[in-house]
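Protein chains in written order, with this note's numbering: chain A, 1093 to 1400; chain B, 1093 to 1400; chain C, 1093 to 1400; chain D, 1093 to 1400.
What the hints contain is simulated information worked out from the structure, not anything from laboratory work.
Possibly wrong hints are sitting among the right ones.
Since the list gives no way to pick one copy over another, a pair counts as held whenever it fits inside one copy or between any two copies.
Once the Cα atoms are required to be at most 20 Å apart in a straight line, the calculated EDC-like pairs of lysine to aspartate or glutamate come out as [said to hold, decoys possible]: (1) K1379 / D1161; (2) K1298 / D1260; (3) K1298 / E1184; (4) K1298 / E1172; (5) K1298 / D1180; (6) K1379 / E1228; (7) K1379 / E1234; (8) K1298 / D1400; (9) K1298 / E1326; (10) K1379 / D1260; (11) K1298 / D1364; (12) K1379 / D1281; (13) K1379 / D1357; (14) K1379 / E1326.
All of these numbers come straight from a predicted model, not from anything done at the bench.
The primary structure of each chain is shown beneath.
Protein chains: 4
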Amino acid sequence: MPSIPAMPNSSMPTIVPLPSEPAPQPTEPAGSTRLLLVDCPDGPGLVHLITGVLAHHGANIVINHEYVDRHAVRFFMRTEFSGGDGLDEAVERLRAALPQPANVRLGRSGAYRLAVLATREHHCLAELLVRNLYGELGASIEAVISNHPSLETLTTRFGVPFQAVPHDGMTREAHDEAVLDALEAFAPDYIVLAKYMRVLGPAFVKRYEGRILNIHHSFLPAFVGANPYRQAFERGVKIIGATAHFVTEGLDAGPIVAQAVVPVDHNDGPADMARAGRDVEKIVLAKALRLVCEDRVFLSGSRAIVFD
Amino acid sequence: MPSIPAMPNSSMPTIVPLPSEPAPQPTEPAGSTRLLLVDCPDGPGLVHLITGVLAHHGANIVINHEYVDRHAVRFFMRTEFSGGDGLDEAVERLRAALPQPANVRLGRSGAYRLAVLATREHHCLAELLVRNLYGELGASIEAVISNHPSLETLTTRFGVPFQAVPHDGMTREAHDEAVLDALEAFAPDYIVLAKYMRVLGPAFVKRYEGRILNIHHSFLPAFVGANPYRQAFERGVKIIGATAHFVTEGLDAGPIVAQAVVPVDHNDGPADMARAGRDVEKIVLAKALRLVCEDRVFLSGSRAIVFD
Amino acid sequence: MPSIPAMPNSSMPTIVPLPSEPAPQPTEPAGSTRLLLVDCPDGPGLVHLITGVLAHHGANIVINHEYVDRHAVRFFMRTEFSGGDGLDEAVERLRAALPQPANVRLGRSGAYRLAVLATREHHCLAELLVRNLYGELGASIEAVISNHPSLETLTTRFGVPFQAVPHDGMTREAHDEAVLDALEAFAPDYIVLAKYMRVLGPAFVKRYEGRILNIHHSFLPAFVGANPYRQAFERGVKIIGATAHFVTEGLDAGPIVAQAVVPVDHNDGPADMARAGRDVEKIVLAKALRLVCEDRVFLSGSRAIVFD
Amino acid sequence: MPSIPAMPNSSMPTIVPLPSEPAPQPTEPAGSTRLLLVDCPDGPGLVHLITGVLAHHGANIVINHEYVDRHAVRFFMRTEFSGGDGLDEAVERLRAALPQPANVRLGRSGAYRLAVLATREHHCLAELLVRNLYGELGASIEAVISNHPSLETLTTRFGVPFQAVPHDGMTREAHDEAVLDALEAFAPDYIVLAKYMRVLGPAFVKRYEGRILNIHHSFLPAFVGANPYRQAFERGVKIIGATAHFVTEGLDAGPIVAQAVVPVDHNDGPADMARAGRDVEKIVLAKALRLVCEDRVFLSGSRAIVFD
């Protein structure tokens, strides 16, 4: 193993996004807007009610996104607005006025804290670390935790704390517990599984319910089990893809946030398919993470509503 | 089973969509919803105002789409709602209350009348005729008009009136005029240029302003002039595409409604590229036409707002 | 103008491709080239041997495609050439010289006879009928056979014989047998399942082994069983797709020839997904059929080698 | 060689590709194969001749790719083979036997030396640096040279030499000359323009003719001049893209190696389009660079032949 550049374990100053060109580009309009996020049982007059409360507080709506899940009979709304006074009071007012159970909150885009879990593959982690370095995530990566030490050098090159939590000789439950302990110090809002090759147990999933994002190498047709790219090759697929989804019980069954694909052909062996797959995986994971951190994603049962 | 429409030159009965499986599928929810379409200068409280008027008339909003063009300072809204009484009065009420100049109307999805202009290429026309036959357009094709007779057989197989308006020996203005005369009888809401190989003059465009949809074989990078696929081949492009857009003055400069692309490689000669291009062209044109006929498209200067 | 083929139930004359613009476009170079198709156990010197025999017979190679399946240790080659004398003798010479078992034949692109099986959905059938009408398939549709009468009108509009073989009250085996009987008269080289909603039994598949092409609505992740688009909706997928494949035992497990996808989002209900899926299905099926009829597809176990 | 800027606090050792999982994955089959690359005027019997010489030298062909540019009447061939003795002699033998002018060489995949030119945007450079760190380029980045100092920190984090060559107060010719001088020490085989915002003059282009790869933000339709993403927004395009191409005289007119696109809609402002564009740019540039460094790209006039 090469000597690790001096990064690790030195006291790291707070990371400052590097100057670059173009400067980190906010979604237009500029950051002076705020977000109101609402979901509640559907019913008549909800948009009128919500926009009325916002108007009462002097807020000007910039853009609304709404959706009604007709099966769940549930209403979802993301409102970007400028101006407004007494917004916490507005939130309380809405909580009282909307059908129950209702979730009402102001968006925190830009302020989310992330922890990344990884194992040995570097491509997704590196993608996130570069974006974090330049302030492009709408969130900050507070730590990388791995069951394997090999990504420490990469992580610390980017000034992000790395913690190895080896799983050797541990039960899954005990290892999950150790990772949860390690996470505690970083108080993450979201956990990102960047090719973390362990299946999380129910206790872990419950602890961060609706807050764990995973990237899965899924195909047309989907392959499960070991060596998915070899299976894809043997089946002769012409397209491979990747899926970013929230983790529920079971690693690969939660609500899908983003998917993308890339064409392959018979000349592509399993290694070529894996390489093409890695490019898709990292872009899809980064996109899904951006959507989540910009408060664009709501969960409705097994589906993710994505206001893109 | 309906009687089979007689072939060419006989008097055509009204076309009856053929029974098929699956039946023509409406966008969910079912047809009992209506559409309200609004655009006006932007300002505070518009959503609250509009939803208030709808609520006053007993309408329940199913889904809203809104957009503000910040450069034009103009607000666009498409509201799908169920129920409601006195809707014409609601429209009048809104017209009076909104900032001026405002456009307010109820959608007519499903009731639009189309005329198709074509020349000699059949792929786009055939695509539209099949969809028309099965009631999938959200509109009806009332006539096909061409400057060349070769598509008559195809058109009349589908029971649609065909009219040839040859251009030989005519000035562009005179030919445009003759086509306008032929169109008059069919009272079309929209004109679809399905590979119509003539450039429309300003008088024609003005007569159907904002109501002419064209399909253009555009590339990466875009090619103009004669033999675009040969140019694309000689430039060695790896992707070709198509663009459906509204016609303004100049055939290929109006607001873009839909675009799509397909990969090609060095093995593809100009004829292969043209063949691949045709598949993209017809799907993109049909998609754009559906979006327009479902009242999902607003024009804002050089841009099309598409609530898909 | 050509005489219009008589409508249903009359005796059909040979279909004549309609004049159109652009004329049916052959893959460049023009039709004066021929194809040599070889597959045999891999070994040293095969390309040298084959090109030597072609040169001996005065043939000039225009383009070669080669592939070695390293797992099956099998060599595949498609050679397009111009000129050459005594080609049947060249084929015999190669058969004698190549490692056994070897398949050697001259391509028949343009001369293949097709039979289409369909049920009630029209979109794939209409796509194939339009392309057949204009001579774009590199093959001719000799008949459409269906277990349901509803597509007869569409089929006969295009001058293609239609035969209904109802399955009511029949076992699968008996119905398969009846369809096989009906097919016999048309001597098809390939069978195309254009949304044929019956599972073919082993006897049928064996009768046309490696010669049955199917279109399957497959998704990311793949869904099986009833109502696939409803399942896709409930799973909240962001991409849907389609797969054209050869039929082996079991309807959806054979070698994949072509796949494509289209993005969807949470606004798309099951009916929207089905509509988007239909556009992909028909284009993918038509593409796969073209590849097969241009002699570009070889089968190697569970994989299709596609020289595109 | 320039001194390595002090990274965060430590002196940087020579960079050694980091251990990771999966290990850098060669295209199958493994590295024991070699490449023969030939282009020459087209004529009869070329494949037979070339495969004969290889066979004479005991080489077993693994895979051939061939192409004939019919307009230029030129033949291109890439042969991957195993075994073989006296390969330099085989190359000489082929040079003597082929029609002139012929280029014949053995591939150097894995051994190419790269220099990257950048300005202030980090996304393409970071993508290449990560791949370089893990040995995924089939080449090594020897240096990054920029007309601006801001990317020094990023570059040196990855242990790659960085050299600033400011252009202030210099003519384009003088600055080009200074960059050429700086490049000399690194003896690059290829120059990669990773968002280098300067137009190279004819002398520079001539010095590295056919060896400069650029990434261009091209659109549907293509936009030129300043602020391309703003132009794209104002035109209301639904797709944006990127093009990797060789540089000839004029920055954006050389042979295209790879292109890709991403959909956008009316909700995407210029900054959103730029962000989406950056993801496409970096993946397309990295793909094109891999194709070049795997000896898969031949130039034929204004076109790139890509044996992928």
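Which of the listed hints are not met by the structure?
-> 1, 2, 3, 4, 5, 8, 9, 10, 11, 14
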